[in-house]
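In the order they appear, the protein sequences are chains A and B. Note that the first sequence covers residues 1 to 562 in our numbering. Note that the second sequence covers residues 563 to 748 in our numbering.
No lab work stands behind these hints: they were computed from the structure. It should be emphasised that the depicted structure is a prediction, and the values quoted were computed from it without experimental measurement. Possibly wrong hints are sitting among the right ones.
What the hints assert, rightly or not - With a straight-line Cα cutoff of 25 Å, these simulated DSS-like cross-link-like pairs (lysine-lysine) come out:
#1 A:LYS37 - B:LYS721
#2 A:LYS39 - B:LYS615
#3 B:LYS615 - B:LYS578
#4 B:LYS721 - A:LYS39
#5 A:LYS37 - B:LYS622
#6 A:LYS39 - B:LYS578
#7 B:LYS578 - B:LYS622
#8 A:LYS37 - B:LYS578
#9 B:LYS622 - A:LYS39
#10 B:LYS602 - B:LYS615
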Amino acid sequence: MNTNNEFDELARQKLGEQVFPYEEAHWLEAQRMIAAKGKRRRGGALWFVAGAGVLVVGTWLLWPAEGTSVTNRAKEVAVTSAEQVAPVAEILVETNVDKGSKQEPARDVKTGKVTSNEETLTASTTLDRATRDQQTTIQRKGQAEVTRTSGSQTKTSEPAAEATLPITPSIGSDAGTSTAIDPDVPAGTDATTVDPTQDGRSETTNTSTSGDEGDATMSVAVIATTTITGGEEPTITEPAPPQAPATEPTNAASNDGAATEDRVAEIAVASQAEPTTTSAVSDSAVAVMPNDSVTGTPQPAPIPPPIIGARAPWEFGMLCGLSQTTSTYAGGTSNTWDVSTQLTPAFGAEMMHMGRNFGIGSGLHYGTYADRLITPEEYRTIISTNQTWSLIFVDTTVLVITGTFTDSSGQIFHTGQNVNITVGQLRSDLDSTLSSVRIREARERINRTSYFEVPLLLDAHLVQGRWSLGVRGGPTVGMLTQRNGSIPSDGEGYTDFNDVAMRTWTLGWTARAYVRYRFNSAWSVGIEPAARGQLMDSFEEQGITRRSNAIGCMLSLSYRLP
Amino acid sequence: MVHETLIARCVREEPKAQYELYRALHPQMMAICNRYERNKQDAVARMNQGFLKILTNLDKRRPDVPFELWTRRVMINTVIDDFRQQRTRKEQETLDAPLDNTDHADTNDYLRHMEADAFAALLQRVPEMSRRVFNLFAIDGYAHQEIADMLGISEGTSKWHVSHARQVLQTALGRMAVPTVKTVSR
Numbered sequence: 001m002n003t004n005n006e007f008d009e010l011a012r013q014k015l016g017e018q019v020f021p022y023e024e025a026h027w028l029e030a031q032r033m034i035a036a037k038g039k040r041r042r043g044g045a046l047w048f049v050a051g052a053g054v055l056v057v058g059t060w061l062l063w064p065a066e067g068t069s070v071t072n073r074a075k076e077v078a079v080t081s082a083e084q085v086a087p088v089a090e091i092l093v094e095t096n097v098d099k100g101s102k103q104e105p106a107r108d109v110k111t112g113k114v115t116s117n118e119e120t121l122t123a124s125t126t127l128d129r130a131t132r133d134q135q136t137t138i139q140r141k142g143q144a145e146v147t148r149t150s151g152s153q154t155k156t157s158e159p160a161a162e163a164t165l166p167i168t169p170s171i172g173s174d175a176g177t178s179t180a181i182d183p184d185v186p187a188g189t190d191a192t193t194v195d196p197t198q199d200g201r202s203e204t205t206n207t208s209t210s211g212d213e214g215d216a217t218m219s220v221a222v223i224a225t226t227t228i229t230g231g232e233e234p235t236i237t238e239p240a241p242p243q244a245p246a247t248e249p250t251n252a253a254s255n256d257g258a259a260t261e262d263r264v265a266e267i268a269v270a271s272q273a274e275p276t277t278t279s280a281v282s283d284s285a286v287a288v289m290p291n292d293s294v295t296g297t298p299q300p301a302p303i304p305p306p307i308i309g310a311r312a313p314w315e316f317g318m319l320c321g322l323s324q325t326t327s328t329y330a331g332g333t334s335n336t337w338d339v340s341t342q343l344t345p346a347f348g349a350e351m352m353h354m355g356r357n358f359g360i361g362s363g364l365h366y367g368t369y370a371d372r373l374i375t376p377e378e379y380r381t382i383i384s385t386n387q388t389w390s391l392i393f394v395d396t397t398v399l400v401i402t403g404t405f406t407d408s409s410g411q412i413f414h415t416g417q418n419v420n421i422t423v424g425q426l427r428s429d430l431d432s433t434l435s436s437v438r439i440r441e442a443r444e445r446i447n448r449t450s451y452f453e454v455p456l457l458l459d460a461h462l463v464q465g466r467w468s469l470g471v472r473g474g475p476t477v478g479m480l481t482q483r484n485g486s487i488p489s490d491g492e493g494y495t496d497f498n499d500v501a502m503r504t505w506t507l508g509w510t511a512r513a514y515v516r517y518r519f520n521s522a523w524s525v526g527i528e529p530a531a532r533g534q535l536m537d538s539f540e541e542q543g544i545t546r547r548s549n550a551i552g553c554m555l556s557l558s559y560r561l562p
Numbered sequence: 563m564v565h566e567t568l569i570a571r572c573v574r575e576e577p578k579a580q581y582e583l584y585r586a587l588h589p590q591m592m593a594i595c596n597r598y599e600r601n602k603q604d605a606v607a608r609m610n611q612g613f614l615k616i617l618t619n620l621d622k623r624r625p626d627v628p629f630e631l632w633t634r635r636v637m638i639n640t641v642i643d644d645f646r647q648q649r650t651r652k653e654q655e656t657l658d659a660p661l662d663n664t665d666h667a668d669t670n671d672y673l674r675h676m677e678a679d680a681f682a683a684l685l686q687r688v689p690e691m692s693r694r695v696f697n698l699f700a701i702d703g704y705a706h707q708e709i710a711d712m713l714g715i716s717e718g719t720s721k722w723h724v725s726h727a728r729q730v731l732q733t734a735l736g737r738m739a740v741p742t743v744k745t746v747s748r
C-alpha cells in the first residue's frame with residue numbers, strides 16, 4: 001500500500017469514526033417536507049377530479065336531446081311489421097282510457113268550449129318522463145298500424161300528433177257525423193272505427209265513432225296520446241272550417257274521413273306553426289315515413305331559430321378570477337428555501353372572432369404571480385488557524401570546559417564540569433478554531449410580480465343549445481408592471497427586487513377550458529378553469545432565477561356584437 | 563439494519579414508520595451529507611431531501627439490492643444532483659500548481675492519532691470540487707470514470723482533484739504535526 005492509498009484508507013477510517021447524534025429538529029424539517037409533498041400530490045389529484053367533473057357535467061349538458069332518439073326509434077318502428085305492432089297499439093289505447101282519471105278537460109276547437117274527452121285522456125301527463133318516452137315509441141307503433149289499416153285515406157297522423165289534445169273531439173263534432181279511419185266503416189257505428197277482422201291486424205278500441213261532441217275515434221285517440229308524449233303543452237289553434245261537410249250518410253264515412261284528414265292536416269300545420277319542443281320536430285320527421293299514405297305535400301318541419309342569430313362573429317368578453325401561483329426558484333441557495341403558493345387575482349378583456357367551431361382573437365390580461373418565500377436562517381462556519389510559538393523547558397546536562405592543558409607530547413586536553421541546566425525549546429503549533437456565525441436571519445416574504453399581458457388567443461368550441469364547451473389559449477407577451485419582494489443574497493442578508501416596472505417584458509402562455517351558458521343571442525356567462533405561465537424568467541439576479549406558473553378559475557361574461 | 567416490515571410500512575406511508583426509518587438512517591445519511599456539504603445546515607437540508615427521495619422511491623427499489631447500499635446511493639446521487647444544479651454559480655476552480663511537498667509518512671502518522679471531528683473540519687478546508695471528488699473516490703469508492711460521468715468532468719480532471727485534495731489535506735496535517743527535534747552528531 002503506497003502512502004496515498006494509506007492516506008485514503010486513514011481518511012475513510014477517520015470519517016467513519018464521526019458520530020452524528022440524532023436531532024429532533026432534523027426530523028421536524030423532514031416531516032414538513034413530506035407533508036408539503038403530500039399536499040402537492042393531493043392538490044394535483046384535486047385538480048384532476050375537478051377537471052374530470054367539469055368534463056362529465058359538460059358532456060351531460062351537451063348530450064343530444066332525447067327527442068332525437070325518439071325520432072330514431074319512431075323510424076325504426078315505422079318499418080316494423082304490422083303483426084308485431086298491432087297488439088301493442090291495442091293495449092296502449094286501452095291503457096290510456098284507464099288512466100284517464102286525471103285528464104284535462106278538452107276544449108272545442110271551433111267554439112273554444114271546454115269539453116270532457118275521456119278517450120283522449122292525457123294519461124301520459126301523470127307519468128314520468130321516462131315512461132312517456134317509452135309510451136311515445138310504443139304508441140307510434142300503434143299509430144303506424146292504424147295508418148296502414150286505414151289505407152290511403154288517412155293522411156299522416158304525425159303532424160296531427162302535434163295538434164293539441166282538446167282539438168280532437170271537435171273534429172267529429174264539426175263533421176256532424178262519425179269520424180272513421182276506415183272509410184268502409186259506416187258512420188254512426190259504435191264501438192270500433194277499425195274493424196279488427198279486416199285483415200287480422202287491426203285492433204279494437206274503446207273509442208266511439210258517434211257524432212256526439214266529445215267522442216273521438218281511435219285515430220284521434222292515438223293522435224291525442226301522441227301529442228301528449230310530445231312533451232310540452234302545445235298551443236291551441238283554431239282550425240279552418242271543414243271543406244266538405246258530409247250530407248249523405250252512405251258517404252259520410254269517406255267524406256268524414258277526408259274531412260278528418262284535412263282537419264288533421266290543418267291542425268298539424270297550425271300546430272307546427274309554433275313548435276315548442278325538439279320532439280315536435282322529431283315528430284315531423286316521422287310524418288314523412290314511407291308507410292304513411294300522404295295525399296298532400298307534408299309541411300316542412302320548421303327549424304327553430306338559432307340562439308345566435310345573424311349577428312356579427314365578434315365577441316367581447318371580460319373575465320376575472322383567482323389563480324394560485326407556483327413559482328420555481330433556481331440557482332444560488334434556492335434549494336434550501338421553501339416556496340408556498342399564493343392566491344392572486346387575475347382580470348382580462350378579450351375580443352374574439354368566433355366561427356362555428358373555432359375562433360381567434362386577442363385581448364389584455366392583467367395577472368399577478370405571487371409566492372411566499374420562506375428562507376431559513378443561514379450560518380457560516382469559519383475555521384481560523386493560528387500559528388503559535390511556545391517554549392518547552394527541558395532539563396539537560398551541559399559540559400562546561402573549565403581548563404586546558406598540554407602534555408609533553410604536545411596533545412591538548414580539556415577539563416570540564418557537568419552542569420545541570422534547564423533550556424527552553426521553541427515550538428510551533430497550529431491552532432484551529434471553528435466558529436459558526438449567523439449570516440442571515442429566517443424570513444417569510446411574499447414575492448410578487450404583476451404583468452399586463454397581450455395574448456394571441458386560439459379558440460375551439462362546441463355549441464349545444466344554450467351551452468358551449470371549449471378551450472382557448474395561446475402565447476402571451478407580458479409587460480412587467482410591478483415587482484416587489486426580496487431574495488436571500490448569495491452572501492449575507494437579503495436583496496430586494498429591483499424596481500424595473502414597465503421596462504421588462506416576458507413571454508408566457510395561457511390556456512383555459514370553459515363552459516358557458518348563453519342567456520340570449522348576445523350575452524353569456526361562463527366558468528373557466530385556467531392555467532397560465534411564463535416561458536422566461538421573471539428575474540435573474542445573483543445567479544438566481546424565478547419562473548412562475550398559475551392555475552385557477554375564472555368567471556367570464558361575453559357579449560356577442562350585433 | 564432496517565427490517566423489511568418497516569420498509570413495507572413506509573411504502574404504505576405510515577408516519578410512525580417513516581419516523582423510525584429516519585432515525586435508523588440518520589447517522590448514515592448525515593455522515594454522507596456532512597462530508598459533501600460545507601456546513602451543517604446544508605447537510606441537513608440535503609439529508610432531508612435525500613430522505614424524501616428514499617421515501618418516494620421505496621416501492622421502486624429492487625429487492626436484490628441491500629437496503630443500506632441503496633439508501634447510500636440515493637443520498638450520494640441527491641448530493642451530486644444538487645451540486646450539478648448549482649454548478650453554474652460556483653466559482654471556477656483553477657488547476658493551480660501543486661502545493662509544497664510534505665512528508666507523507668509523517669502526516670499519515672499524525673492522521674492516525676487525530677480526532678475524527680478535527681479531520682472532518684480539515685476536510686472542509688479543501689476546495690469544494692476537489693472535496694467532492696475526493697469524497698467520491700477515496701471515501702465512497704467510486705472510480706474516476708464514474709466520477710467523471712457523474713460530475714461531467716474528464717477523468718484526468720477527476721484525478722487532479724483527488725490529488726489536489728490530498729495535497730491540501732497533507733499540507734495542513736504536516737503543519738499541524740509536531741516538528742520533531744533532530745540531533746545531529748558529528
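Structure-based check of each hint:
no.: 1; hint: A:LYS37 - B:LYS721; in the structure: 39 Å, violated
no.: 2; hint: A:LYS39 - B:LYS615; in the structure: 16 Å, holds
no.: 3; hint: B:LYS615 - B:LYS578; in the structure: 18 Å, holds
no.: 4; hint: B:LYS721 - A:LYS39; in the structure: 44 Å, violated
no.: 5; hint: A:LYS37 - B:LYS622; in the structure: 18 Å, holds
no.: 6; hint: A:LYS39 - B:LYS578; in the structure: 18 Å, holds
no.: 7; hint: B:LYS578 - B:LYS622; in the structure: 21 Å, holds
no.: 8; hint: A:LYS37 - B:LYS578; in the structure: 17 Å, holds
no.: 9; hint: B:LYS622 - A:LYS39; in the structure: 21 Å, holds
no.: 10; hint: B:LYS602 - B:LYS615; in the structure: 20 Å, holds
Checked against the numbered hints above, the structure violates hints 1, 4; every other hint is satisfied.
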